[in-house]
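All chains should be modelled from the sequences, with the hints used to inform the complete structure.
Which chain is which? The protein sequence lines are A and B, in order.
With the UniProt record's numbering as the guide, the letters of the first sequence map in order to residues 1 to 132.
With the UniProt record's numbering as the guide, the letters of the second sequence map in order to residues 1 to 132.
It should be emphasised that the hints constitute simulated quantities derived from the structure, not laboratory data.
Some hints here could point you the wrong way.
[Stated by the list, open to error] Derived CB-CB ranges, DEER-like:
#1 B:R76 to A:I95: 36 to 42 Å
#2 A:T77 to B:N41: 55 to 61 Å
#3 A:G42 to B:T126: 24 to 30 Å
#4 A:G55 to B:V86: 17 to 23 Å
Quick caveat, the model's predicted, so the values are computed rather than measured.
Cβ coordinates follow ideal geometry from the N, Cα and C atoms, glycine included.
There are 2 protein chains.
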Amino acid sequence: MDVAHGDPRPAAGPSDACRTRVVLGIVGDKWSLLVVRNLRNGPRRFTELKKAIDGISQRMLTVTLRSLERDGILTRTVHNVMPPHVSYELTEMGITLREATAPLLEWSIAHLARIDDARATYDARTDTPVAS
Amino acid sequence: MDVAHGDPRPAAGPSDACRTRVVLGIVGDKWSLLVVRNLRNGPRRFTELKKAIDGISQRMLTVTLRSLERDGILTRTVHNVMPPHVSYELTEMGITLREATAPLLEWSIAHLARIDDARATYDARTDTPVAS
Chain A
1 MDVAHGDPRP
11 AAGPSDACRT
21 RVVLGIVGDK
31 WSLLVVRNLR
41 NGPRRFTELK
51 KAIDGISQRM
61 LTVTLRSLER
71 DGILTRTVHN
81 VMPPHVSYEL
91 TEMGITLREA
101 TAPLLEWSIA
111 HLARIDDARA
121 TYDARTDTPV
131 AS
Chain B
1 MDVAHGDPRP
11 AAGPSDACRT
21 RVVLGIVGDK
31 WSLLVVRNLR
41 NGPRRFTELK
51 KAIDGISQRM
61 LTVTLRSLER
71 DGILTRTVHN
81 VMPPHVSYEL
91 TEMGITLREA
101 TAPLLEWSIA
111 HLARIDDARA
121 TYDARTDTPV
131 AS
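Shown next, in the form of structure tokens:
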């Protein structure tokens, strides 16, 4: 692995660069971004998250929630009521993450049409469209 | 696929939710985030990006650059000099994306230590650490 030769930033050595990449592998992931966003109004049950996040599989939601719990982004609470259920809630650190990801989510929503246009232009110009 | 029943936001219907997910699949990806970040000071050559982004493979960098070019985030320029080379530069839209991702990158760097602590606590509590 190369260290960050081309990075003019004086801070963060190669070790921090590598660790940043690992952290981004968790929090900079579309499912993580969407889970964190859907917890913005307080605790949610697993089934509520499953319904709210278009296209996520049961397994992917389970894996994503476990990673975010491990990273200290959310807490998992088992409610021993009838019927029993599990809920998820952002930690204090999770709330700051949600704030940090909000601009990226807003950007994605605001630029949907321009990205569609760019893709159509690119695909018309090349014979080999990139799988999206 | 379920529509976003649990989402109290009145805007964006299921179609937009699905398209947002597709866009996040491209821009909300650790390699895309790192490529965009490394173009913040102007055009960079392929080899400069490869050196600057710790751990990225030649193939993953190629795929990431092509996706970002297709989405209108960056432009690719072939320089017919000796030796010939290719450079990449953020478009106007790419610059706004970089601004939108900056808080998430800063958050990741700022919270490295707390996430490490949370992982250690979680792994000590459970017998089955999550692969990171």
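Hint check:
no., hint, in the structure
1, B:R76 to A:I95: 36 to 42 Å, "39 Å, holds"
2, A:T77 to B:N41: 55 to 61 Å, "45 Å, violated"
3, A:G42 to B:T126: 24 to 30 Å, "26 Å, holds"
4, A:G55 to B:V86: 17 to 23 Å, "35 Å, violated"
Against the hints set out earlier in the document, violations occur for numbers 2, 4.
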